[in-house]
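Construct the complete structure from the given sequences, taking the supplied hints into account.
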Amino acid sequence: MSAALEVQGLNRAFGALPVTRDVNLSLERGARRALIGPNGAGKTTLVNLITGALKPSSGRVLLDGADITATSQAERARRGLARTFQINQLFRGLTVLENLCMTIGERDGECNNLWRAAGAKRSVIDEALDHLDSLRLVDDSLKLVRELPYGRQRLVEIAIALAQKPRVLLLDEPAAGVPSSESHLILDVVAALDPDIAVLIIEHDMDVVFRFAKAITVLVQGAVFTHGTPAEIMANADVRAVYLGEEGHKGGRRG
Amino acid sequence: MAASDTKSAGRIEARERAAEYLLSRHRFRWPELLPWLIAIAAFFIFPDRMTFGGQVLIMVLFALSLDLILGYAGIVTLGHAAFFGIGAYTAGLLIARLGYSEPISTLFAAAAMAGLVGLITGWFLLRYRGLTLLMLTLATAIMLQETGNLRSDISGGYDGLPGLTISPLFGKFDYDLYGHVNYLYALGVLAVVFYFVRRIVYSPFGQALTGIRENVRRMHAIGSPVHRRLVTVYTIAAAIAGIAGALFTQTNAYVTLTVFDFDNSAKVMVMLILGGTGRLYGAFAGAVVYMVMEDYFSKLSPTFWQFGIGLLLVLAVLFARRGLLGLIEDAGKYISEKVKS
Numbered sequence: 100m101s102a103a104l105e106v107q108g109l110n111r112a113f114g115a116l117p118v119t120r121d122v123n124l125s126l127e128r129g130a131r132r133a134l135i136g137p138n139g140a141g142k143t144t145l146v147n148l149i150t151g152a153l154k155p156s157s158g159r160v161l162l163d164g165a166d167i168t169a170t171s172q173a174e175r176a177r178r179g180l181a182r183t184f185q186i187n188q189l190f191r192g193l194t195v196l197e198n199l200c201m202t203i204g205e206r207d208g209e210c211n212n213l214w215r216a217a218g219a220k221r222s223v224i225d226e227a228l229d230h231l232d233s234l235r236l237v238d239d240s241l242k243l244v245r246e247l248p249y250g251r252q253r254l255v256e257i258a259i260a261l262a263q264k265p266r267v268l269l270l271d272e273p274a275a276g277v278p279s280s281e282s283h284l285i286l287d288v289v290a291a292l293d294p295d296i297a298v299l300i301i302e303h304d305m306d307v308v309f310r311f312a313k314a315i316t317v318l319v320q321g322a323v324f325t326h327g328t329p330a331e332i333m334a335n336a337d338v339r340a341v342y343l344g345e346e347g348h349k350g351g352r353r354g
Numbered sequence: 021m022a023a024s025d026t027k028s029a030g031r032i033e034a035r036e037r038a039a040e041y042l043l044s045r046h047r048f049r050w051p052e053l054l055p056w057l058i059a060i061a062a063f064f065i066f067p068d069r070m071t072f073g074g075q076v077l078i079m080v081l082f083a084l085s086l087d088l089i090l091g092y093a094g095i096v097t098l099g100h101a102a103f104f105g106i107g108a109y110t111a112g113l114l115i116a117r118l119g120y121s122e123p124i125s126t127l128f129a130a131a132a133m134a135g136l137v138g139l140i141t142g143w144f145l146l147r148y149r150g151l152t153l154l155m156l157t158l159a160t161a162i163m164l165q166e167t168g169n170l171r172s173d174i175s176g177g178y179d180g181l182p183g184l185t186i187s188p189l190f191g192k193f194d195y196d197l198y199g200h201v202n203y204l205y206a207l208g209v210l211a212v213v214f215y216f217v218r219r220i221v222y223s224p225f226g227q228a229l230t231g232i233r234e235n236v237r238r239m240h241a242i243g244s245p246v247h248r249r250l251v252t253v254y255t256i257a258a259a260i261a262g263i264a265g266a267l268f269t270q271t272n273a274y275v276t277l278t279v280f281d282f283d284n285s286a287k288v289m290v291m292l293i294l295g296g297t298g299r300l301y302g303a304f305a306g307a308v309v310y311m312v313m314e315d316y317f318s319k320l321s322p323t324f325w326q327f328g329i330g331l332l333l334v335l336a337v338l339f340a341r342r343g344l345l346g347l348i349e350d351a352g353k354y355i356s357e358k359v360k361s
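Quick mapping for you: the protein sequence lines, in order, are chains A and B.
The numbers in my numbering rise by one with no breaks, and the one at position 82 of the first sequence is 181.
The numbers in my numbering rise by one with no breaks, and the one at position 12 of the second sequence is 32.
Zero decoy hints are in this set.
When the alpha-carbon atoms are kept at most 30 Å apart in a straight line, the in silico DSS-like pairs for lysine-lysine are as follows:
1. B:Lys360 / A:Lys242
2. A:Lys220 / A:Lys264
3. A:Lys313 / A:Lys154
4. A:Lys242 / B:Lys353
In case anyone wonders, no lab produced these hints; they're calculated from the structure.
See below:
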């Protein structure tokens, strides 16, 4: 059986600056992999290459064995590849419920309909509310996204990704910018994700990484430094030198 | 146990309330009747101003088509007159060159032609956004105008196609000197088109347009075929602008290449912004206020009238950023808060 997501020899440069260098990565079905690395290692760029927001200069991306390198971002999303953004990308002027209904509508092709009223399909609303229910967002469903505290907005970001019913989910620092008093809410959600979904998480908090991930990929200067289990990574002196050492003083959360 | 029961009961109630909100969003609200009542009342109150009234209604229709793309999908264009012009010339050329003057079918032909041009240009242009798109849409309108100028043997050039005679409406109602039939004709067309636009705006497709306006990156990420959505709505808006253009030719019984003018594109955008974008009725408020002011100021001072319009716009931009309807909304909120406290 082919991997849920496979990245083969991926390269990308911004001008003369190589930001992704010959990256190989494989996510089995249900994988729980963390992608770590110092600031500027190219973690978000890698996510953008995988989702199609950026085009690689060479290399391939395979979803369930099918080459999706040439397909659009939207097509990849429709095939079951979802992501969250490091900085919220939400419909801020719409209600939380509308954010979810939009996602479900686009997933099911409902949004091709120009004639039926948007609220007329109860099944869409019910599913949206189910997703919000599971993240305890129902009480906020009629609030505009921009009126929510940032931590709650982060949850909406995840709720949207889940509403896509993805097979592969890329989480780009899901708890970034959230006060630590609230971040456990988000991390609980991440920990409770459907075991069938292959998850790649970018995260700076090592406690989270070691708790959540079954496998870790270390990215340094755009290239894969090493792969391994959490235990192997923790024991790896080189990794400690390039990355974990920096973690001691809890540097910035942006990557 | 009791605590968790009440909690889940509360949750079910919250769910019902949320669902009810979405289900009710598109429902007809009584204040929506107001613009139509005003339009009908105007017919009886100003029977001698119906020629002007018809022109206002045509601009409402034109602004409504722009609202669909600017207000809902967030497409900024300075070339919307292109489609108005295509529609106007479809009607004009059908009469002048082919001798075909049945008004209703002409509207369909105008919609089809303008829609086709919208589809083709939109397909190419809507890959771009912002200033690039602004320039490209502007250039499109100018190119169409110049094409007309190049073939002035067909288009009549800037002298236009004068003295076009339209067949009676439904084969029965001939056009009177006071523009009464024209006014009702334009109002009828506006009502029909408005019904379509309203359905579209409240459809899942309309929601997706709002999504594109709100956050296009997110739309890509959830799998929305953004380009296709934009081309679709651009085509529809072009077709509606074409209908407005055809009405313009039919009610004025002449058409010149000035319909493609940058002025025309800019004016309709100003009207829409003045009224308020993305709210359907902004087109009504904006077009009516702009046209009435223009009419009033031009009578007051035939050489200096644009000063009045300019002043109006400066005031609108300073004090009514969300348009006249936004202003009314804010005033309503303010009053209801005052009443409460």
